[in-house]
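A.B. asks: Chain residues, written in single-letter form:
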Amino acid sequence: MSDTTNSEAAVSAAAIRLWLQKSAEVLAEKRAYLTELDSPIGDADHGNNMDRGFKAVVATLSDKEDVGAVLKAVAMTLISKVGGASGPLYGTFFLDAGKPFAGKAALEPADLVTMFEDGIAGVKKRGRAEPGMKTMLDAQIPAAEALKAAVAEGKSAVEALKAAADAAEEGMKATIPMQAQRGRASYLGERSIDHQDPGATSSYLIIRALAEAVAETSQ
Amino acid sequence: MSDTTNSEAAVSAAAIRLWLQKSAEVLAEKRAYLTELDSPIGDADHGNNMDRGFKAVVATLSDKEDVGAVLKAVAMTLISKVGGASGPLYGTFFLDAGKPFAGKAALEPADLVTMFEDGIAGVKKRGRAEPGMKTMLDAQIPAAEALKAAVAEGKSAVEALKAAADAAEEGMKATIPMQAQRGRASYLGERSIDHQDPGATSSYLIIRALAEAVAETSQ
Amino acid sequence: MKKLINNAEDVTLEQLKGFGLAHPEIEVHFDPNYVAVAGGVQNRVAVVSGGGAGHEPLHGGYVGMGMLDAACPGQTFTSPTPDQMYEAGKAVNGGKGILQIIKNYTGDVLNFRMAADLLRDEGIDVRNVVIDDDVALKDSLYTAGRRGLGTTVIAEKVCGAASQEGYDLDRLEALCKKVNIHGKSMGMALTPCTTPQNGTPSFELAEDEMEIGIGIHGEPGTERMPIKSADEITEILATRILEDGAYTRELTEWDSEKGDWVDVEVKDITFQSGDEVIAIVNSMGATPISELYTVYAKLAEVAEKHGVKIVRKLIGHYITSLEMAGVSITLVKADEEILRLYDAPVNTPALRWGV
Amino acid sequence: MKKLINNAEDVTLEQLKGFGLAHPEIEVHFDPNYVAVAGGVQNRVAVVSGGGAGHEPLHGGYVGMGMLDAACPGQTFTSPTPDQMYEAGKAVNGGKGILQIIKNYTGDVLNFRMAADLLRDEGIDVRNVVIDDDVALKDSLYTAGRRGLGTTVIAEKVCGAASQEGYDLDRLEALCKKVNIHGKSMGMALTPCTTPQNGTPSFELAEDEMEIGIGIHGEPGTERMPIKSADEITEILATRILEDGAYTRELTEWDSEKGDWVDVEVKDITFQSGDEVIAIVNSMGATPISELYTVYAKLAEVAEKHGVKIVRKLIGHYITSLEMAGVSITLVKADEEILRLYDAPVNTPALRWGV
Ligand SMILES: Nc1ncnc2c1ncn2[C@@H]1O[C@H](COP(=O)(O)OP(=O)(O)O)[C@@H](O)[C@H]1O
Ligand SMILES: Nc1ncnc2c1ncn2[C@@H]1O[C@H](COP(=O)(O)OP(=O)(O)O)[C@@H](O)[C@H]1O
Ligand SMILES: [Mg+2]
Ligand SMILES: [Mg+2]
Ligand SMILES: [Mg+2]
Ligand SMILES: [Mg+2]
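Residue numbers (full-length UniProt numbering), protein chains in the order written: chain A, 1 to 219; chain B, 1 to 219; chain C, 1 to 355; chain D, 1 to 355.
The hints are simulated quantities; they were obtained by calculation from the structure and are not laboratory data.
Check the hints yourself; a few may be wrong.
[Claimed, not checked] Listed next, the stretches of chain C that the computed footprint assigns to chain D, with coverage defined by at least 3 CB atoms under 8 Å from CB atoms of chain D:
1) 41-52
2) 225-232
3) 288-295
[Said to hold, decoys possible] Estimated spans, in silico, between C-beta atoms of each pair:
4) E165/C to G354/D: 36 to 46 Å
5) A32/B to P177/A: 15 to 25 Å
6) R120/C to E36/B: 32 to 42 Å
7) D255/D to E130/A: 17 to 27 Å
8) L141/C to A121/B: 42 to 52 Å
9) G39/D to T239/C: 33 to 43 Å
10) T239/C to D168/D: 48 to 58 Å
11) K55/A to E223/C: 35 to 45 Å
12) N7/C to T270/D: 30 to 40 Å
13) G259/C to E216/B: 39 to 49 Å
[What the hints assert, rightly or not] Using 20 Å as the maximum straight-line C-alpha spacing, the simulated SDA-like pairs for lysine to any residue come out as follows:
14) K17/D to E304/C
15) K309/C to P24/D
16) K267/D to A174/D
Quick reminder that beta carbons are idealized off the backbone N, C-alpha and C, glycines included.
With the hints as constraints, model all of the structure from the sequences given.
C.D. replies: Shown next, in the form of structure tokens:
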């Protein structure tokens, strides 16, 4: 805790595994909450979907030291276990996020930026969505931007990811006044306003889990 | 009211018509109550059935001075409008009750006894029921017995019918502890105990209406 | 009460009107109300049934080629009146007599019997067969006897096919009685239902309670118990049906030789290892088809344990109680005759195959 | 929550098991889950659909001769995953390609598209046709586009028959697209429904409220309003359908010449006086069949006022939302081709005629 010599260390495959474990934990814990968010503007299954998917991710977590392989395995599991809109979208995120890191044992702060940006590009393309449409992107994009800015300022991975998680939280909250333009919530038109997007919420939780996992493994 | 010279008069066809009108009124008023009684031990339609039937009776009430014809018309209307178990049973009651009085313009007290006894015999045969089985008979039979006793004692039609109605009321209440052995309520076995029989209740109401109608027309 | 209706008083009438518009091959007659195959019946026995409304598709949905020739709907959960069966009988009579298939409820039995008397006065030969297949009720001496449940559907299918095949009235009556003593049913409810006329549920059930041994009129069952899993519920119903004894009772039948009603002792079959059966897994209304498959899986398992093989099945809405949630199970022992007639072509709003 | 289930987590699995037992002519495959005609498809295009569970009989109930060759059920109200459509596609592929019929929900569209990509990698020609017939949604630019409702059932019936007739993949794809632009639907709910996984209703509705413009996933509709009579409700739905404009949107289709996904502008028909239509009056689940006839009567009246003639109809449970009470209406303009294929024999658990 007091030893900070490792604070600038790269993000190891072990940290990534811890991230996924922590994601699974928080998604299990918030399962009912996420489903509740999906109830007024969706079909009340997002918590169930994410919990089912990340439970499977943890159950099949590869112990390879290859970050790219780990992320690819996550993607395949999510694609085949989540279903719904979020399954292929999160699957695509992890698939595209992991692609540049095949064979790599750790990620530098700049790699984290690439990981986010590539993942987001995949989600945008797959879901034909842009920011402001009240989707998971509205948590992911501000997180990526904050991450990028912090890394540019020379912040550590721990600090940069903390900034990213805070920005994701802001972005998540910012979905409340938005009118949905993609996914099921868009069917409600104006009635989708004043509700927080479930996918943005799960994205925030996952990004916060990443920040915490990296902080813990860096201590 | 004070004029009692007519108190020993025969029961006219007009009195019979008033009886039917009063029956229709009280059955309309007690419709929800009868249906409620039919709810725990039946199929929650007895009030609706009786109200429908007696509304039709009043709508088609013949103004003939022939008591037998009036009662027969009542029977045919009930048979074709009530449905359920109570339709054919009440229909049979009025059919058999009226048979001896074809062409008669009025009923003497002894005729009232015959009317009840013949009607009851019809119901027993049609429904294969005996007293104590928690059916409409449990109001009708005590009424007939009280009527017969009062007439034998030389009571007026008004007095005798008052006694009959009181006995019907007792009989109706006496169905509460009975276990049903006929009709839908019998399916419940012991669970039919502690409920008042809807058919006994409608029979009581109709007999009370007769006593009142004869009292009014005799004043 | 949340229903797609216009006027609670006229609800059966407005539904009948829609039924007539939807099925022009079926004639809808008002006042008295009945539905009948257009053009009546030529030179074969007419098969007629009926009962309170609220059990749809029973009976109107089974009118058509190879099944019923006419059906008489009463008010919701209230048996029809004799004038309905009388007019329907006259309309479809094809000179070979009429078989009336009647579910054993006091009201239905009495009203159909009155109608049969009226039709006989017109010189039409009529036989009444009462379906009393509800094994939830053990006893007939101290009750109105077992109620009519899902065996009615099979009786209507099989007898309709037999009439098409040219069975005369005697043979058809005997066949219908055979189906009745071959069939056993039992039902349960998770929720009550609400008739449009009443507007409030027919009974109350706590969130953790269910009724076992219900009929089809929204009435409570023979037993209330804590809610159980689908497997446990199915095991209760299936075991009661499969292990039911040779239920014996007196039924009132028309004796055409004597020209009078007579009481006849009738005895059910018991299921034996090696029996083949037709099964119905029936939604009481609100229970989705998907849940019926969980019930079917367990039913098949329990039947197999008893050596009984399900050779035909109907899984869906066949004899309902408005929007009640729950299920009923029917098993009918199928011999060669019953199976052949069951498989024969049928073309009705609710059952259709072979055409 | 009152349901005939054993374990909320395994509910789709246990139902699928029962489905397999009940319909031995249909093969049920687990992990990944799909149901398919036993023995696969020989020398004709395979027709495959799928979607979240909870809409039964859709889609599994439509697997069989003359309709679907395979169906992929997801979890309750959750689209299936690509591995399901991939394995099902490989199992039923008869060498002539695969037509995927997909209801337009983001999840379904994305998962089917991924599966199509995987199957194409194996050298199997796959076309995706999206059904987006829900007129409750006006706009496609600022939403995920119109949802897929009852037209799906007609598309599955008609395309299944066309495959039997020997249509090749190009022709079958064109036919399916035609059915889609010929079909319009709209639904409403009187009550919400409860998924086994959640155990509580998906939304709340007061005793005097209803939702208009619902989909099929227990989600609220486009508008909430005070409850109205069946006639008024039907008039709202039928008028919206009959007077809907030539809805135009971009749909993503596979361009087999380019070998890539392309966006294509697609335009609905509008109903014209003189049109003949196939109608579905569909119970969302708990609404009894009897109430559908009141709706049908008014629908026929409103259609007639628009000069539109209902020439075929399905009245019952066809595309449901568990035990939700409510109704949806579908009208599909039927030309000679659609009508001929609709009338062709079909033999599935939920639709059967001609055999
Ligand atoms: N086109 C899209 N692009 C990005 N995210 C989307 C899109 N459509 C839906 N989402 C996200 O998916 C979430 C819903 O996921 P989920 O409930 O699991 O799937 P479904 O809507 O199929 O039930 C939404 O809250 C939203 O954040
Ligand atoms: N076999 C019978 N003999 C005499 N009365 C009977 C018989 N069966 C039923 N009843 C009477 O009919 C009443 C029920 O009538 P109703 O509710 O109108 O008909 P249903 O039971 O067909 O719904 C019972 O309360 C009982 O008094
Ligand atoms: Mg969702
Ligand atoms: Mg009753
Ligand atoms: Mg009744
Ligand atoms: Mg979903």
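A.B. asks: State for each hint whether it applies.
C.D. replies: Verification of the hints:
1. Here's how the region 41-52 of chain C fares: 0 of its residues keep a CB closer than 8 Å to some CB of chain D, so the rule of at least three is not met and the hint is violated.
2. Only residues whose C-beta sits within less than 8 Å of a C-beta in chain D count toward coverage, and the region 225-232 of chain C has 4 of them, enough to reach three; the restraint holds.
3. Against chain D, the region 288-295 of chain C contributes 8 residues with a C-beta closer than 8 Å to a partner C-beta. That satisfies the three-residue criterion, and the hint holds.
4. A C-beta distance of roughly 21 Å is found between E165/C and G354/D, which places it outside the suggested range of 36 to 46 Å.
5. In this structure, A32/B and P177/A break the distance hint of 15 to 25 Å, their C-beta atoms being roughly 50 Å apart.
6. Judged by the Cβ atoms, the range 32 to 42 Å given for R120/C and E36/B holds: they are separated by roughly 39 Å.
7. Distance hint check for D255/D and E130/A: the Cβ-Cβ separation is about 24 Å, which falls inside the suggested range of 17 to 27 Å.
8. The supplied range of 42 to 52 Å is broken by L141/C and A121/B, whose beta-carbon atoms lie about 22 Å from each other.
9. Distance hint check for G39/D and T239/C: the Cβ-Cβ separation is about 36 Å, which falls inside the suggested range of 33 to 43 Å.
10. In this structure the hint that T239/C and D168/D lie 48 to 58 Å apart at CB holds, the actual value being about 53 Å.
11. For the pair K55/A and E223/C, the supplied restraint of 35 to 45 Å holds, since their beta-carbon distance comes to about 40 Å.
12. Taking 30 to 40 Å as the suggested C-beta distance range, the pair N7/C and T270/D conforms, at roughly 34 Å.
13. Judged by the Cβ atoms, the range 39 to 49 Å given for G259/C and E216/B holds: they are separated by roughly 47 Å.
14. Annotation: proposed proximity of K17/D to E304/C holds, straight-line Cα distance about 16 Å (limit 20 Å).
15. Proposed proximity of K309/C and P24/D is supported: the alpha carbons are some 14 Å apart, at most 20 Å.
16. At roughly 14 Å between alpha-carbon atoms, K267/D and A174/D fall within 20 Å of each other, so this suggested pair holds.
Consistency note: the structure conflicts with the earlier hints numbered 1, 4, 5, 8.
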